[in-house]
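S.K.: These protein sequence lines map, in sequence, to chains C, X, P and G.
Counting from 1, one number per residue, gives the positions in the first sequence under the numbering used here.
Counting from 1001, one number per residue, gives the positions in the second sequence under the numbering used here.
Counting from 2001, one number per residue, gives the positions in the third sequence under the numbering used here.
Counting from 3001, one number per residue, gives the positions in the fourth sequence under the numbering used here.
Rather than coming from a laboratory, the hints here were simulated on the basis of the structure.
Worth double-checking, as some hints may not be accurate.
The list that follows gives simulated cross-link-like pairs (lysine-lysine, DSS-like), each with its CA atoms no further than 30 Å apart [as the list claims (entries may be wrong)]:
id, chain 1, residue 1, chain 2, residue 2
1, X, K1146, C, K113
2, X, K1216, C, K101
3, C, K21, G, K3049
4, P, K2318, G, K3150
5, G, K3166, G, K3049
6, C, K318, X, K1150
7, X, K1216, X, K1075
8, G, K3318, G, K3113
9, X, K1039, P, K2146
10, C, K75, C, K191
11, P, K2273, P, K2146
12, G, K3270, P, K2099
13, C, K8, P, K2146
14, C, K311, X, K1216
Far from chain G, some chain X residues (derived; all Cβ distances over 12 Å) [what the hints assert, rightly or not]:
id, residue
15, K1008
16, G1029
17, E1038
18, D1097
19, K1148
20, Y1169
21, N1181
22, I1192
23, R1201
24, S1254
25, E1258
26, S1262
27, I1295
28, T1321
Keep in mind the model is a prediction, meaning the values are calculated, not measured.
For every residue, glycine included, the Cβ atom is placed at its ideal position computed from N, Cα and C.
For reference, the chains in residue letters:
Number of protein chains: 4
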Amino acid sequence: MTSNSIGKIFNFTTWGESHGKAIGCVVDGVPSNINLTEKDIQPYLDKRKPGQSKFTTQRKEEDKVEILSGTFEGKTTGHPISLIVYNQDQRSKDYGDIKSKFRPGHADYTYWKKYGIRDYRGGGRSSARETAMRVAAGAIARKIIKNKIKNQVVITGALIQIGNHKINYDNWNNNFIPKNNFWSPDKEIIKIWENELQTARKSGSSLGAIIEIRVKGLPAGLGEPIYEKIDSDIAKALMSINAVKGVEMGNGFSSVYETGISNVDEMRIKNKKPLFLSNNNGGVLGGITTGQELITRFVVKPTSSILSPKKTINTKLKETTISTKGRHDPCVGIRAVPVGEAMVATTIADHCLRFL
Amino acid sequence: MTSNSIGKIFNFTTWGESHGKAIGCVVDGVPSNINLTEKDIQPYLDKRKPGQSKFTTQRKEEDKVEILSGTFEGKTTGHPISLIVYNQDQRSKDYGDIKSKFRPGHADYTYWKKYGIRDYRGGGRSSARETAMRVAAGAIARKIIKNKIKNQVVITGALIQIGNHKINYDNWNNNFIPKNNFWSPDKEIIKIWENELQTARKSGSSLGAIIEIRVKGLPAGLGEPIYEKIDSDIAKALMSINAVKGVEMGNGFSSVYETGISNVDEMRIKNKKPLFLSNNNGGVLGGITTGQELITRFVVKPTSSILSPKKTINTKLKETTISTKGRHDPCVGIRAVPVGEAMVATTIADHCLRFL
Amino acid sequence: MTSNSIGKIFNFTTWGESHGKAIGCVVDGVPSNINLTEKDIQPYLDKRKPGQSKFTTQRKEEDKVEILSGTFEGKTTGHPISLIVYNQDQRSKDYGDIKSKFRPGHADYTYWKKYGIRDYRGGGRSSARETAMRVAAGAIARKIIKNKIKNQVVITGALIQIGNHKINYDNWNNNFIPKNNFWSPDKEIIKIWENELQTARKSGSSLGAIIEIRVKGLPAGLGEPIYEKIDSDIAKALMSINAVKGVEMGNGFSSVYETGISNVDEMRIKNKKPLFLSNNNGGVLGGITTGQELITRFVVKPTSSILSPKKTINTKLKETTISTKGRHDPCVGIRAVPVGEAMVATTIADHCLRFL
Amino acid sequence: MTSNSIGKIFNFTTWGESHGKAIGCVVDGVPSNINLTEKDIQPYLDKRKPGQSKFTTQRKEEDKVEILSGTFEGKTTGHPISLIVYNQDQRSKDYGDIKSKFRPGHADYTYWKKYGIRDYRGGGRSSARETAMRVAAGAIARKIIKNKIKNQVVITGALIQIGNHKINYDNWNNNFIPKNNFWSPDKEIIKIWENELQTARKSGSSLGAIIEIRVKGLPAGLGEPIYEKIDSDIAKALMSINAVKGVEMGNGFSSVYETGISNVDEMRIKNKKPLFLSNNNGGVLGGITTGQELITRFVVKPTSSILSPKKTINTKLKETTISTKGRHDPCVGIRAVPVGEAMVATTIADHCLRFL
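Could you build all of it, start to finish, from the sequences and the hints given here?
M.R.: In structure tokens:
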């Protein structure tokens, strides 16, 4: 059953396992005559790259992306763009426990049940390594959005909560986001998060996180009614990211605490143009963009790969325990920021090509 | 652009406007030789029907469903099943304000921007009336699930929160759910919700709600990796329901308050079968069912159609106000319960047909 | 498994059985603000209608089409257009032989093998009655083509061969086509065909036919490379019509008698525009229109429903014979002309919406 | 617009240009636990490889295929299989005429009109080099068919006509097919074809061909009614091959010379199983396999790349002439045999996975 592709007009297909020869992506539906080289993609892969701070895994993944097709003399040709990143570390090594034990919280058990065979090396296809190619596709999506929308569209992802500690929205500073290891928009929370993560790591545990993605500059009219609403497509795209357990738009789950009076976004005219007096709906009504800022959030559960030993079973259905040694992110949510941006970008690019 | 269909193998397409001649649905991908008559579908439409209590709209919609194709002598033939419900009330009437004003919180403005034309009568295609056909498709989906899965699968939707008031999970009683106007599993909260809704209605306002859907009896192995995970498909399906602003699986957004230690679902063996010691992940790992209960929740924003006058603009881009008179649900979330159940059922049926 | 829809952007789904309550079609992807009423569709259904001459079946099918959704005040709204045609003759009657015997040359046996159940009344879903809805969708497709392409696009279907008798291309007269019962462009062949069909009918037999569809006025650039070439989409669309056994473009199978020198279409400049000196490729190169006339042909096998008794088996796997009494077309190819036009129109409309 | 993928359940996406870095293919929907290594694929690429006789181009393409993902310890894992073939000859060279002139009969002009940019090196994406990846996907399709169908399924492609010279079916010998440079089943025609091709080559011209594909061992029941009939899917798949101008099933265009009496395939019972007394329909009725041999044919036009100078225009819309020097197949139809087999195999594999 095919399930490694997403998008209707802007569509990409990813392939590859964590410890296979390479991972890659075929991006189809890209209009012709857009400037595109590896330099447009590499920075986003670098942004997602692990080992950038002590709060992300110290594994070295030199993810050098190569364009194998679909461009000519630095421009897209309208034909599929094949991207490849060779895996650095393919030495055969002892995968020990992972080979026969199911890591709780991971897809090990469900893949084994479904397929009866499993590339256990680093999680194989279920590894978050796959998200590198989403980020690559997202970089191409950004080029399309720029090409199709006259306004400058800015997609900003930020970490807004780790564990119990949420940012103060009053401190939100876009400029600060790329200057810290957490993609935090709030300078004051950094110390708190650092302490929390140190504590989690020392106790062999991990923390969850919430990411917010904001998109400025979108025109009204993106999205299709009923089953391909831009928000339902975003929900699907974000929920498909490893470890994501929830997605919301605008006020999201907090809407339950609003009333009809407080929650509808009233309209006025300013400079002869429609103006919304609030943005409780996150820039989407009836599945179609309003022209306001699009706002979405998703939650990433605490990393399941932890040092603390956990009860599990093995492929012989015997009880055992497992402890994940080695370098792992105490909060995978941090690295999910560029991935979430990419998934929003690819969804928007897809709807741009349907509409514009 | 096509966007009125959902599902890959079990697929349905809905059509029709709130105040057009009829609404309908074509369900394709239904296996042959399944018993099916209108009697299998009508009860679910009745369940969704408005006017059942004073907390849902008093409009009379006698939604009598008719099967036009795809069955022969009471059994499915493997060919598309066409369902139709004629709209009762098509008299031309004065639509007054709605004709030229955009109701805030509704799709009026975005549809007008996107299409340049709009069937304003009752919201036209953007009306929640469309969800009647989702419920009809859901009834057929349930028949397929029953046909394909040996275990008895039970899909239970319940309202768990209105406004500030959340049920007490300790009081959860499945038997009580169909016996009250709210689909509440908690008898003790009824009075509170009634009072809240009375207050909201009197003040010309409305309230939001959270719905939880639980599915018992699913086998391990349903769902496809990467971009067609069962949870990302559920997220898309639920987010596509009118007024839904968030979707979550298992612990959902509360995962952020968990740690890696508390959140992973440990495994043991019981009666020679795998047993999970908790269900924080809502029965899905890596996008594939674990064999545990599947748990998902979604939030419905407060009804946007309220009596209180709200600032808005009209199609001539002039400022004005609008007040929605007439019979409207003070909490549309209540009627979203059977719709949510239906969308989960259709998603599961689709994945059953891919896997089983 | 879903298979009752066709088209990517302009998409339609048909439903209904020959002797069920109704047949219908949901057309999605139609742009908004196109004038559309039943009057735009009915003439094409009338053109396909049986009983127009003694060479098509004398059954009376008053195919009155009704639009149930997707238009407002005579214009399309961008939402799905639901069409319905009620079947006239649903009286229960004795279906006799057909109930248990497989008609050779029909889908009776294969449907029974595949589904284990079969609506035998008039062939049920496999009846050519389904093509009425293709013709209806084709009428809407024509409106889209007109809306999207500035040139006047003219789609002309014609019968060019019945049995051994092929038209003389030198006699081709577009004006004559709608003026005869055969959609023949050649006045001189009429008598011959009439005699042939009389002879076939009297001997309890039937004849095959070849239909040619020509499309004038298309711009260069329609069609997508590799797997969604406009000619491969046309091949699929035409081959899906009942009784069609072959499809070709331009010189088609006769290309085998050409050489590289004779077959390539040389180019010149005329009035500062590219000019092709021939059209051996039927207006398509590399799956994309050249701006020349698009030319395609398909063959319809002789009607399988014939009076002469034929050997067959029944559902109990016993040997028997069957003779199809009643009114049947001695050459179904005649009525395939408007159906072929419709399938070409829908394919072109789909590619227009991708490109223009 | 996406158009580089084909297939619903068994699906593959190709990428790459004739003279780019590499060409490749991502095959999705392959069931797990099927033995698969490069050794299963390479022989089919070798079969398609040019330079095998003086009647196919003498270019050296060492098409070494590499599996980059989707297998583990020699077995498929259920995840996408990425295949790559690096292009040998990427030296920059003088492409001369091709850069600015449109080769008549090729996609040069239509690609340029559609995309406004064109990788002119060897035809870029429009080159028949893309078909190498179809052959690779076809090799995987064959493994699936073997895995899903109990009978031994044999797919046999053969050249049955070059120019005016058609094989004698009475001489058909399956064993001879792989033993000659033409994939001819008829030993006696070889000399004639050799002479014809020599003559064509010497006169700077080329010849067309007809290929027949036969599939033995298929069960009844493959194929979906209405718009995904197995024959309409085959028509689409074969018509998408470069230079193909027509496709037919069973008697195909010759059906026009049959009558209802002669053309229906009568049925009897033999050894308690249904038996067809003829196979005029090519093993398909109503779009579904009958259990007989499936028979399809397609025509490949004469190679458009010929030495004889032809009139054309250039990108500045000036008149000019072009003569294609270098090594080119005088009959591309010969190398289309393994490609046609592959497209039939992938279509059948797709329908196997839907049905079995």
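S.K.: Against the earlier hints, flag every one the structure doesn't satisfy and list their numbers going up.
M.R.: 9, 10, 15 and 16
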